[in-house]
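Undergrad: So the protein sequences, as listed, match chains R and L. Numbering of the first sequence is given in the working numbering, commencing with residue 1456 and proceeding in unit increments. Numbering of the second sequence is given in the working numbering, commencing with residue 30 and proceeding in unit increments.
No wet-lab data here; the hints were simulated from the structure. In this text, all values refer to a predicted model and were calculated from it rather than measured experimentally. Among the hints, a few may not be true.
Stated by the list, open to error - Okay, the calculated beta carbon distance ranges per label pair:
id, chain 1, residue 1, chain 2, residue 2, range
1, R, D1552, L, G166, 22 to 28 Å
2, L, H170, R, L1567, 34 to 40 Å
3, R, P1605, L, L98, 40 to 46 Å
4, R, L1486, L, A199, 34 to 40 Å
5, R, L1570, L, R99, 56 to 62 Å
6, L, I43, R, G1609, 48 to 54 Å
7, L, R76, R, L1486, 30 to 36 Å
8, R, A1463, L, R76, 46 to 52 Å
9, R, L1567, L, L169, 33 to 39 Å
10, R, I1483, L, K232, 39 to 45 Å
As the list claims (entries may be wrong) - Derived list of chain L stretches under chain R, where covered just means 3 residues or more per stretch with a C-beta under 8 Å from a C-beta of chain R:
id, stretch
11, 104–114
12, 198–212
Using N, Cα and C, we set each Cβ at its ideal position, and we do this for glycine too.
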Amino acid sequence: MSRGADAAKSAVLLFVAAILQVAILDRILILHATPDLLLVTLVGVSLLRGSLFGATGGFFAGLVVDTADLGTLGLTSLVLTIAGYWIGRYGETTGRDRAHAPFLSVAVVTVLVALGQLVLHFMIGDHVSARLVLLDALAPGILLNLLLTPPVYGLCRRLFRPPAWAELGEVRLLG
Amino acid sequence: MGVLVLLSLALITIYFRESPGGFLHRTQSGGATILRPFEVGANRVARPFEDVYGYFHGLAVARSENARLRVELERYRQLYGASASAIQQNVDLQKELHYYETAKYPEGYRPVFASVAGRPLSQFDQSIVVEAGKHQGVRLHDPVVASGSLVGEVTKVTSTMARVTLLTDAEIAVAAKDLTGAAGLIRHGQGSGDSLILDHVSKDQVVHKGDMVVTSGILAGRLRSLYPKNIPIGVVTSVGRSEIELYMSIQVSPFVDFSTLDSVAILVSRKPAPQLP
């Protein structure tokens, strides 16, 4: 599959995920947390298609969220760009073939995104409760995102067939 | 990736520093209008599922809610009897004294009804996006109510949409009073959930569990807007006095369930906003 087709598919997938997140999922509050479909989708795309797709997809998906929410433009983009890049690098180097990779990535990136957003909100002078973000909402947030991971990652795998190692021209770690 | 990070930082910086009428704000406003049909479409798809969930959830809590409402009804029936004569007396006295007031709630306000279009991530933003803006007469800092109770205030407004910061946001504080007269500030309580606290109420005041808390209509200190008097906010759920605290510790349960807001009314004053001397 060409990179152009992959780019188009990931753009559509992330746009749909961002709209669903803003329009539906952000209204759902379970144990103080909200399931983050967009983040889980970004993890799926980044793991399967690498850091370039992850960073670019994260940036534009963040822009969609900030625009629809009338939030500070660029804030979600910054966090998702870094998250997408980091997960993409993990996929490119060690994580792509491992069964636990999507779950591990989602858990870790949920923590990092929460921390990143907390720091950024503090820096721009917003009053954010660190207790709410890190103690009350973080654990249920990880759990909800992990529950979303199997169906979302399954869909991503259907859309983005994992490339053969020979196609990538990368060195594969054995053992 | 570096380019995208720099671009994001540039966007944050410019957006943060420019005026609400600046280029990025206008672009965002236009973008939000373009994205709106997609959000509406997603909402329509999700609506039947939400309705089914709401139906079963309603059935599950109906019995306990019924008991609570019966107790409340009895209490408010008694309060109504006591306050009806006081209201008439108040009207008569105001007429005799030629008492002047700014716009009164609800007569002095025109409600602009709007549905809730979106709800940003709750841990960071206690706000909602509603489908009414400047075209409908909405202005910055207009108070917002739902089912007659205070919800928050308009903190960002575009031509067709507005962002409403909820009472549960740490940046909002509303001058409020207990109906028995104790005045203070309503703000979000520590920790999670929708609970509010009535702060800055001195210990010599008398506040009881079950008292209703309403807006006092007084502009004080750092408050950004003048809410009209007597908009219901919530009911006192606990009153605590500590030796080491300057003020009483009063927990207030809001009348509005902020997590299930579907539509709100933005109160647009029929009179010009009063200016401080």
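Undergrad: Just pull the numbers of the violated hints for me, sorted ascending.
TA: Those not satisfied are hints 1, 4, 5, 6, 7, 8, 11.
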